[in-house]
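Trainee: Take the given structure of chain W and dock chain C to it, following the hints.
2 protein chains.
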Amino acid sequence: MGKLVIVGTIAFDAIETPFGKTDKILGGAATFIGLAASTFGVDATAVSIVGDDFPEDYLKLLSDKNIDLAGVEIVKGGKTFFWSGRYHNDMNSRDTLVTELNTLADFNPVVPENYKDAEVVMLGNLHPLVQASVLDQMTTKPKLVILDTMNFWMDSALEDLHNTIKRVDVITINDEEARQLTGEYSLVVAARKIHEMGPKYVVIKKGEHGALLFHNNEVFYAPALPLEKVFDPTGAGDTFAGGFAGYIAKTGDTSFENMKKAVIYGSTLASFCVEKFGTERMLKLSNDEIHKRLLQFKDLTQFEIEL
Amino acid sequence: MGKLVIVGTIAFDAIETPFGKTDKILGGAATFIGLAASTFGVDATAVSIVGDDFPEDYLKLLSDKNIDLAGVEIVKGGKTFFWSGRYHNDMNSRDTLVTELNTLADFNPVVPENYKDAEVVMLGNLHPLVQASVLDQMTTKPKLVILDTMNFWMDSALEDLHNTIKRVDVITINDEEARQLTGEYSLVVAARKIHEMGPKYVVIKKGEHGALLFHNNEVFYAPALPLEKVFDPTGAGDTFAGGFAGYIAKTGDTSFENMKKAVIYGSTLASFCVEKFGTERMLKLSNDEIHKRLLQFKDLTQFEIEL
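Chains W and C, in that order, give the protein sequences. Sequential numbering of the first sequence, starting at 1, is according to this note's numbering. Sequential numbering of the second sequence, starting at 1001, is according to this note's numbering.
If you are wondering where the hints come from, they were derived from the structure by calculation, not from laboratory data. Ideal placement from N, C-alpha and C gives every residue a C-beta, glycine not left out. There are no misleading hints in this set.
Below are the DMTMM-like pairs computed for lysine to aspartate or glutamate, each with C-alpha atoms no more than 20 Å apart in a straight line:
| hint | chain 1 | residue 1 | chain 2 | residue 2 |
| --- | --- | --- | --- | --- |
| 1 | C | Lys-1298 | W | Glu-304 |
| 2 | C | Lys-1193 | W | Asp-90 |
| 3 | W | Lys-298 | C | Glu-1306 |
| 4 | W | Lys-229 | C | Glu-1184 |
| 5 | W | Lys-3 | W | Asp-43 |
Have a look at the derived ranges for each label pair, beta carbon to beta carbon:
| hint | chain 1 | residue 1 | chain 2 | residue 2 | range |
| --- | --- | --- | --- | --- | --- |
| 6 | C | Lys-1021 | W | Asp-106 | 55 to 61 Å |
| 7 | W | Lys-141 | C | Gly-1020 | 46 to 52 Å |
| 8 | W | Asp-288 | C | Glu-1196 | 27 to 33 Å |
| 9 | W | Lys-276 | C | Arg-1167 | 39 to 45 Å |
| 10 | C | Asp-1136 | W | Lys-229 | 39 to 45 Å |
| 11 | C | His-1291 | W | Asn-151 | 37 to 43 Å |
For reference, chain W alone in the conformation it holds in the complex (with noise of 0.2 Å):
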C-alpha cells in the first residue's frame, strides 16, 4: 500500500444547476481527488491552504475519511479561495460567477515530511509553479506524478506549464484543453503530440463521453457510465484524477494493463459524484455501492467476439 500525495484546493463552492442551487459548499480539487483516493484505503496527505472562515466540520468530514490534513495551512484572518459557477442546461458547460483567490493566491505547499518520499503525486490543478515546487520537496523520485491542468494556465503561465509538464509521468486534460495545448483537432494526434512534451501516458477526459488513457501506441477507452440525470458535474473530473491515482497508489503497479483499471474505477467514481450536489454523494459512498457499478461497467463495455 503506497503513500499518496494530493496537492490541490480545498475551496468554498456555490453551484446553479438547472435542479437546484447551494449556498458555499466544501469544494475544491483536494477535495475531491482525496474523497475518491480514500475509498482505496491508501494513506492520503491532502497539501493546501484555507482561511480561518473554513469550518472545522468541513476539515473533519476530510479526516474522518483517513485524509492527513497535516500539509494544510490554515491561515489566521484569511479567507478561503471561492469559486461560484452556473451550468448550463446541457451540464457539459458552465459560467463563472465569481472566482476569488483569497488565501490561495499566496500558496506554498508544504508536504508533509513523513510523505516526502510518497510513491504517487496527485498535483491538482494549480499554477504549474506551485504543482512544481511540491515536486522539488520529494526526497524520493515517486514512482507516479499525475497532473491536471487547464486551459486558463495554458492562457496565463504557458511557459511554466510546458517546465512542470515535462515532470511529469501523467497528464490529465480535457478534450479542448488537449486540443488547446497542441493546436491539434485529433485527440489521437493531440495525445502524441502531448506524449512529446514529457508524460508518458496521456489522459484525455471527454466529460459524459468518458476518458481516453494514451500511451505510446496504445489506447483505451472507458466510458462514462450512462445516467439518467446529472445532477451537478462539479468535482467529476477531480473525482476521476483521485480514483486513478488512488487504484494506483493502492496496487504500486504503473503498467498500462494496471491503468486501464485505474481509467475504470476513476469513471467509476466520478459517475457517483455528480448524483447529488458537490461532496454529498461522495462522503455517504460505500463499498457495496462501487462494486456494484464496477459491475455495470462490465455489462456496460466487455463483448465476447470469436476471433
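Mentor: Just chain C now, kept in the frame of chain W:
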C-alpha cells in the same frame, strides 16, 4: 445464413471537407449499408431507385459485392438523387449545399419476390411511409426490423414516423435526434421513451463518441475507434447500421449479447468508412483488415478487474 433486405437511397454525393472536395461520386444510404453488410457474405438485396444517368459502373461495384440489385428501379429519362454537403473543421457538423430528390420523389419500393421472407429488414433513412410500405410487402414476419431515421422526418412527418417506429424492433438514431424525438436531454431517459414508442432495442449513435445500445434496463457502449484523421464522415452512420444488420443476418441471433457484437462490428466498419472519401475505403476492405481492427477494438475496451 439469413437474407437481408436493405431499403434506402442509391445516390450521387458531392462532398467538401477540410481535406478536399469531390465531384459527384457514389453515395446513398443503401450503398453504404450494402457495402458494410456485404463483408459478412450474407444474401442481401438493395431496394432503391436511380435515374438512367446513374453509371452502370457504380451499379457493378455493388453487384460485384454480391448485393442483389433486382429491387433497384432504373427510371428512364430520370435523374438520380443528388446530395452535396460541406463539413466544418471539426468534422462533426456539416451544411447541406444541395438536395435534389429527382427520381426519389416518386420512389415506390418493390421488394423482390425471393426476399419477401427475409429474416432481417434494414430500413434506411427515407420517408416513414416509404419505409412502412416495405414492411407491408413482407410475406413472413422478419426476425428483426431495423429502422434508421433523422430529424427531417420529425419536422415534416412526425405522425407517420411514429406509426412506422411502432412496427420496428431496433431504431438507430443519433443523439441529437433522440433528444428531439423525446424532448429528453438524458440519453438514458430518451432511450426509455423510445422503447415505449415500440422498438425493443434503441441504438443511439454519437459519432466520434461511439454508440449506445439500450434494451430495457441493459445498456452497452461501443466507442468509436480514436483516429488520427477523419477524412470524410459521409456514410459512417449507414455503414454502422449495415454492419449491425449484416452481422445479425449472418448469425440469425437477436439476443442482447449478440447485438453487442453487432454494435462492435458496426463501429469497426464505420471506422474504416471515414478514412477516405465516400465509398472508397469500403470498396477495398479486406477481411484481414477487419479482423485486425476488431482486435484493436478489444484492446481499446477490454479490461480485467477482479470483483
